[in-house]
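Chain by chain, the residues:
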Amino acid sequence: MRILEVAGIKKSFGGLAAVAGVDFHIDRGEVAGLIGPNGAGKTTLFNLISGAVTPTSGKIKFKGKDITGLKPNKICRQGIARTFQLVKLFGDMTVIENVLLAYRFRAQKSTGNEAFSRCQEMLDIVGLLGLELIPARELTIAKQKQLEIARALATMPEMLLLDEVMAGLNPSEVTKAIEIIKNIQATGITILMVEHVMKAIMEISDRVIVFHNGEKIAEGKPAHVVADETVIQIYLGG
Amino acid sequence: MDNLNKGSFLKYFPVIFALLIISVLAATCPLYLAPFTIISVTNIFIYVVITLSWALFSGPTRYISIATAAFFGMGIYTSALAGELMPFPLVVCLGGFVSFILALLVGMSTLRLKGMYFTIFTFGLSELIRHTVLWWEVTRTGTVGRWVVSVDHTPVYYTMLIILIVTLAVCYGIGRSRYWLALQSIGQSEEAADHMGVNVTAVKIGVFAVSAFFAGATGATMATRWTYIDPSIAFNPLFSFMPILMATFGGINSITGQIVGAVALTLLADLLLTEFPYYYMLIYGVILVMVILFLPNGITGLAKYVKK
Amino acid sequence: MSFTFYVDVVIGGLILGGLYALTAVGLSLQYGVARVLNVSHGEFIMLGAFATYSLYTMLGISPLLSLVITGPVIFAAAFLIHRTMFQRIRKTSPSEAAFEGNSLLASFGLLFIIQNMALLAWGSDIRGYHYMSQSINLFGTSYALNRLIALFLALGTGITFYLFLIYTRMGKAIRAAAQDRDTAQLMGVNIHKVLGLCFGLGAFMAAVAGSLISMMFEITPTIGMPYTIIAIIAVVLGGLGNILGSLIGGLILGLVGNIVMCFSPALSLVAYYLIFILLILLKPSGIMGK
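Residue numbers (our numbering), protein chains in the order written: chain G, 40 to 277; chain U, 2 to 309; chain P, 29 to 318.
The set of hints was computed from the structure by calculation and includes no laboratory data. Do not rely on the hints blindly, as some may be mistaken.
Unchecked claim - As a list, the in silico DSBU-like pairs of lysine-lysine whose alpha-carbon atoms are at most 30 Å apart:
#1 Lys-110/G to Lys-100/G
#2 Lys-182/G to Lys-305/U
#3 Lys-113/G to Lys-311/P
#4 Lys-127/G to Lys-305/U
#5 Lys-115/U to Lys-127/G
#6 Lys-311/P to Lys-98/G
#7 Lys-115/U to Lys-49/G
#8 Lys-309/U to Lys-182/G
#9 Lys-311/P to Lys-127/G
#10 Lys-119/P to Lys-308/U
#11 Lys-182/G to Lys-215/G
#12 Lys-119/P to Lys-182/G
Using the sequences provided together with the hints, build the complete structure.
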């Protein structure tokens with residue numbers, strides 16, 4: 040069943056087309072990897088889906104409903120959550136408060152204690168239990184990325200957009216992150232992740248989509264995409 | 002966390018008892034205090050209210066508003082225009098309401114943009130309104146100033162007391178709700194807050210308008226202090242400056258700090274106005290600069306540092 | 029309406045616009061480069077006006093000559109204020125946004141400090157003096173000589189500054205810092221000196237504008253704030269951070285203001301604010317903004 044459908048989506052900034060007419064879909068429950076060289080338009084695509092940016096043309100449908108051009112907070116309520124390539128945490132707020140904010144704006148009727156323990160569960164999923172009262176800006180980059188995931192999970196999403204969550208992680212941290220993402224998928228959440236760390240892409244993606252210069256140039260199973268001539272060209276060629 | 006069990010009730014008992022005593026004293030003091038003292042206490046209430054309401058919005062969201070004088074002045078003019086047409090409590094509510102509407106308009110046009118545009122707009126707002134009112138008065142009514150219906154100091158005291166209680170209730174209420182987290186998140190990363198389901202625009206505009214309401218209601222109450230007002234008296238930039246100074250001095254993120262700051266600086270002002278009336282703007286400007294340079298978290302920050 | 033009427037309005041608008049442009053460029057240097065939105069900018073204008081007034085009425089020094097004195101003195105004072113106050117705020121502020129907020133508040137405090145000091149020094153009475161107020165005939169109408177001199181001086185300062193920006197090493201450093209402060213620093217620009225210099229230059233322009241104002245209008249210690257507001261609107265009109273834009277913005281406001289003053293002098297600030305409101309509703313990035 041298709042949870043996300045993107046049709047003819049285009050975004051131009053001035054004369055430059057960051058995303059130049061893209062069609063694809065994401066199936067419910069899968070982990071889809073989005074790869075491509077820097078500047079290929081991947082983060083712009085995320086911004087289009089999450090509502091941070093409105094498309095120049097094209098349509099985005101989520102669970103069959105047209106969400107094109109909706110504001111981010113409305114899209115969040117529809118069930119899409121995301122992390123950011125450059126971490127956007129609430130730095131002076133504590134770790135738990137970062138998650139509490141997202142949780143309390145999703146689950147309206149939560150009492151103090153119930154909300155607190157539910158948020159601790161989120162922190163547990165990403166491995167940040169015990170750090171509740173530390174100001175978010177005092178965390179290491181790796182932990183900050185984990186917190187962003189916990190915060191996104193607290194909005195009770197059906198689909199999660201992960202923007203380069205493995206960037207800058209050492210190999211053991213990458214392994215841990217892969218575990219976390221697998222656990223999240225196991226709860227039924229669909230995941231679309233932009234990644235440069237190929238190990239993660241190969242290991243967890245059910246499908247891979249390749250972007251280049253704002254266009255989709257390949258998609259399919261990881262092993263098949265990696266062997267594709269065009270894909271190899273864009274990564275090796277000029 | 003907001004869960005009170007038996008143990009913490011006993012811990013809070015002294016505080017509750019003290020608050021009860023203060024409330025009784027506050028409610029009855031016009032009976033035994035001299036009129037001059039009542040007026041001084043009313044003055045303190047006024048500055049506490051505008052400081053708290055300013056900090057409610059500008060503190061967590063970091064959208065610095067310099068518009069308090071505009072709202073205060075609108076309240077004053079509401080009093081002047083409506084004072085003879087309706088009973089005093091209604092005038093006060095109308096003053097608040099007028100400011101609320103003005104804040105909605107300002108918010109809807111400027112809060113969509115970066116914080117600096119908002120601050121810039123609020124900076125000139127009171128001057129703009131002053132010029133407009135002046136032009137209107139001169140061309141339409143031929144006079145510059147207006148007479149205000151004077152109200153006795155006792156009803157004024159009680160009105161300010163009620164406004165103060167409502168302001169405190171709103172500030173504490175918001176402080177314990179998820180909107181406090183929302184306001185802070187807007188100040189930390191507005192884009193992320195938007196993505197986490199917070200209707201950032203609505204929260205900003207709404208809370209800004211609420212803070213303006215209190216400034217307007219206070220202005221309408223204070224107008225009765227003067228029998229004659231004109232645009233320069235009503236839209237005095239000092240009323241934008243004072244709440245900023247008092248909140249920054251007291252501690253921009255602490256309600257207690259703001260109350261302490263407002264009380265301390267109002268008492269200081271009373272002293273300065275009698276001893277050094279020509280220097281008090283200067284001294285207050287220096288205090289603000291000193292606080293920004295050396296005490297960024299105000300005296301609450303200092304208290305926390307000393308505790309350590 | 030006769031041709032001379034239109035010429036009158038345009039030249040009057042240019043005179044006013046020249047003044048506004050000067051103050052706007054000054055503020056733009058302070059905000060665009062040093063990133064301080066100096067709401068006490070108008071007080072420096074007022075100080076320039078009163079310094080010129082005092083030098084003329086007490087020591088008989090011609091206002092044109094006193095520019096050489098008051099300008100550098102106010103420049104030095106502002107440079108010092110930046111080195112002590114704003115540099116410290118930069119050090120203690122956790123982020124760029126926090127720095128902008130804190131320095132704005134600090135300059136707000138500075139506003140009250142300077143205004144009060146002026147009130148103590150000169151009192152709140154309206155002051156004025158006559159200097160070169162003879163009429164000159166130009167294009168069929170007569171103008172006060174001091175206004176023409178003001179226009180000439182404002183243009184002169186603007187052009188000199190423009191040449192400074194383009195041709196001198198320091199000017200290039202300023203332009204670099206305005207575009208990208210970190211890169212400029214990496215390229216060897218002594219960024220602290222440049223920031224202080226820009227803040228000082230901004231105040232210098234304010235002082236010059238103030239001097240010119242004292243020649244043409246009456247002054248009181250409270251004239252500062254409207255000029256600050258107009259300068260801010262001009263800067264936003266031109267595009268926040270764009271120095272040439274602020275100059276154009278100032279000229280536009282001056283022309284508009286002069287036209288409005290033909291109908292109702294008191295409504296000129298309202299007219300400026302209407303432009304401001306339209307701007308933020310339609311194109312907040314300003315004329316030259318992206």
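Here's how the hints hold up against the structure:
1. A C-alpha spacing of about 14 Å is found between Lys-110/G and Lys-100/G, which places the hinted pair at or below 30 Å, so the restraint holds.
2. With a C-alpha separation of about 28 Å, the suggested pair Lys-182/G and Lys-305/U falls inside the 30 Å cut-off, and the hint holds.
3. In summary, the hint linking Lys-113/G to Lys-311/P is supported, as the alpha carbons are separated by about 26 Å, within the 30 Å threshold.
4. Annotation: proposed proximity of Lys-127/G to Lys-305/U holds, straight-line Cα distance about 28 Å (limit 30 Å).
5. Restraint check for Lys-115/U and Lys-127/G: satisfied, since their Cα atoms lie roughly 17 Å apart, inside the 30 Å limit.
6. Distance restraint check for Lys-311/P and Lys-98/G: the Cα-Cα separation of roughly 27 Å lies within the 30 Å cut-off, and the hinted pair is therefore satisfied.
7. For the given pair, Lys-115/U sits about 26 Å from Lys-49/G by alpha-carbon distance, which is consistent with the 30 Å threshold.
8. The straight-line distance between the Cα atoms of Lys-309/U and Lys-182/G is roughly 28 Å, inside the 30 Å bound, and the hint therefore holds.
9. The suggested pairing of Lys-311/P with Lys-127/G holds, with an alpha-carbon distance near 27 Å, which does not exceed 30 Å.
10. Distance hint between Lys-119/P and Lys-308/U is fulfilled; the C-alpha atoms sit about 25 Å from each other, no more than 30 Å.
11. Annotation: proposed proximity of Lys-182/G to Lys-215/G holds, straight-line Cα distance about 12 Å (limit 30 Å).
12. With a C-alpha separation of about 27 Å, the suggested pairing of Lys-119/P with Lys-182/G holds against the 30 Å cut-off.
Hint compliance for this structure: no hint is broken.
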